[in-house]
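Participant: Chains A and B, in that order, are what the protein sequence lines are.
The opening residue of the first sequence carries number 2 in my numbering; numbering runs sequentially from there.
The opening residue of the second sequence carries number 2 in my numbering; numbering runs sequentially from there.
It is worth saying that the hints were derived from the structure and are not from the lab.
Given the structure is predicted, the values throughout are model-derived calculations rather than measurements.
Among the hints, erroneous ones may be present.
Remember, identical chains collapse to one label, so a pair may be satisfied in a single copy or spanning two.
[Stated by the list, open to error] Taking lysine to aspartate or glutamate pairs in the DMTMM-like style, the calculated list, with each CA pair at most 20 Å apart, reads: (1) LYS85 x GLU97; (2) LYS82 x ASP6; (3) LYS94 x ASP125; (4) LYS82 x GLU22; (5) LYS85 x ASP103; (6) LYS94 x ASP40; (7) LYS94 x GLU22; (8) LYS82 x ASP107; (9) LYS82 x GLU61; (10) LYS85 x ASP10; (11) LYS16 x ASP6; (12) LYS82 x ASP10; (13) LYS94 x ASP115; (14) LYS82 x ASP38.
Number of protein chains: 2
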Amino acid sequence: MNISDAAADSGLPAKTIRYYEDIGLVSPGRLANGYRDYDEHDLHKLRFLQRARGLGFSVEDCRVLLSLYEDRNRASADVKKIAKTHLIEIERKIAELQSLRDTLSDLVQSCHGDDRPNCPIINDLAR
Amino acid sequence: MNISDAAADSGLPAKTIRYYEDIGLVSPGRLANGYRDYDEHDLHKLRFLQRARGLGFSVEDCRVLLSLYEDRNRASADVKKIAKTHLIEIERKIAELQSLRDTLSDLVQSCHGDDRPNCPIINDLAR
DNA sequence: TCTTGACCTTCCAGTTGCTGGAAAGTCTAT
DNA sequence: ATAGACTTTCCAGCAACTGGAAGGTCAAGA
Numbered sequence: 002m003n004i005s006d007a008a009a010d011s012g013l014p015a016k017t018i019r020y021y022e023d024i025g026l027v028s029p030g031r032l033a034n035g036y037r038d039y040d041e042h043d044l045h046k047l048r049f050l051q052r053a054r055g056l057g058f059s060v061e062d063c064r065v066l067l068s069l070y071e072d073r074n075r076a077s078a079d080v081k082k083i084a085k086t087h088l089i090e091i092e093r094k095i096a097e098l099q100s101l102r103d104t105l106s107d108l109v110q111s112c113h114g115d116d117r118p119n120c121p122i123i124n125d126l127a128r
Numbered sequence: 002m003n004i005s006d007a008a009a010d011s012g013l014p015a016k017t018i019r020y021y022e023d024i025g026l027v028s029p030g031r032l033a034n035g036y037r038d039y040d041e042h043d044l045h046k047l048r049f050l051q052r053a054r055g056l057g058f059s060v061e062d063c064r065v066l067l068s069l070y071e072d073r074n075r076a077s078a079d080v081k082k083i084a085k086t087h088l089i090e091i092e093r094k095i096a097e098l099q100s101l102r103d104t105l106s107d108l109v110q111s112c113h114g115d116d117r118p119n120c121p122i123i124n125d126l127a128r
């Protein structure tokens, strides 16, 4: 299967698939003409990657998860640890964004937003 | 005032302050020896930047906000518009992260995390 | 006066995860 | 034969810094 079909199948752009090969995540075979040739196993890995990236795992996390995915003797604890760390990080980001939103929301509400120059948002930033 | 004092005053790393000069945000005068020399006005702008960046505004947003900050005749509506757009973007990110967290949290809970290879997290990623 | 150490300068490279584009080769259909 | 839709590689760029190297400057102490 060539790269554009692999892209359609996995939901990843062809450019991204080539990039994943560059960084050693999925290396398909090659045809006589030099074209990449994806087999079922490659496709599984690409789908795995697109899903894991969609869940916000870093590419380096994905590399580890992929190797665990390939390892029939992995311990589920290893996977859980990565996922848990990621979960905590996501929760930290949510909290940070919420506090940001609260501050910003207050500022936006306090600004009447008309032609006059007086602006509580700018005043706050400058304080 | 030299760069390390400006850094201490504004809460920005010296490296970042030099970077802001590179991209044309804050350009201090220079002493005879070539050292940067920050005056009160520069410091105000640096503080403004660190606060606006802390609120998650992009550097390009900051550039506009800074020019509005400098403009005594700005309309508060202009500022409010930028802040509102940013607020919406933050809310979008929060919602995205929350949905991510819910999915990931379910996965983590369903994985017993022991020595055995069976792992619902990997299974889900591979599905 | 010399030296040490803490500053300062510029410039270049690397980070993350792609994405766009150029130049050139290949395949398929008309 | 030729058009156009693929494919390849390589190089550059995005955001917003950050680290490090190589070298200049300055203030304090022996």
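Participant: Does each hint hold? Answer for all of them.
Facilitator: These are the hints, each one checked on the structure:
In this assembly of identical chains, the alpha carbons of LYS85 and GLU97 lie at most 20 Å apart whether taken from the same copy (18 Å) or from different copies (18 Å). In this assembly of identical chains, LYS82 and ASP6 lie within 20 Å of each other by CA distance neither inside one copy nor across copies; the values are 34 Å within and 43 Å between. For the identical chains of this complex, LYS94 and ASP125 are neighbours neither inside a copy (24 Å) nor across copies (24 Å), given an alpha-carbon limit of 20 Å. For the identical chains of this complex, LYS82 and GLU22 are neighbours neither inside a copy (26 Å) nor across copies (42 Å), given an alpha-carbon limit of 20 Å.
With identical chains, the CA atoms of LYS85 and ASP103 are at most 20 Å apart between copies only, with a shortest distance of 12 Å across copies and 27 Å within one. Taking CA atoms no more than 20 Å apart as the test, LYS94 paired with ASP40 passes in neither setting, with 38 Å inside one copy and 36 Å between copies. Proximity of LYS94 and GLU22 under a CA criterion of 20 Å is satisfied in neither setting, with 30 Å inside one chain copy and 29 Å between copies. Only between protomers do LYS82 and ASP107 lie at most 20 Å apart by alpha-carbon distance; the minimum there is 14 Å, versus 38 Å within a single protomer.
Taking the shortest alpha-carbon separations for LYS82 and GLU61, only the intra-copy value of 14 Å comes in at or below 20 Å, while the best inter-copy value is 38 Å. When the C-alpha separation of LYS85 and ASP10 is checked against a cutoff of 20 Å, the pair qualifies neither within a copy, at 29 Å, nor between copies, at 38 Å. For the identical chains of this complex, LYS16 and ASP6 are intra-copy neighbours only, at 13 Å inside a copy versus 46 Å across copies, given an alpha-carbon limit of 20 Å. Taking the closest pair of Cα atoms, LYS82 and ASP10 never come within 20 Å of each other, the shortest separation being 30 Å inside a single copy and 41 Å across copies.
When the C-alpha separation of LYS94 and ASP115 is checked against a cutoff of 20 Å, the pair qualifies neither within a copy, at 33 Å, nor between copies, at 28 Å. Proximity of LYS82 to ASP38 under the C-alpha cut-off of 20 Å is found in neither arrangement, the shortest distances being 34 Å within a copy and 49 Å between copies.
Figure legend: structure checked against the earlier numbered hints; hints not met, in rising order: 2, 3, 4, 6, 7, 10, 12, 13 and 14.
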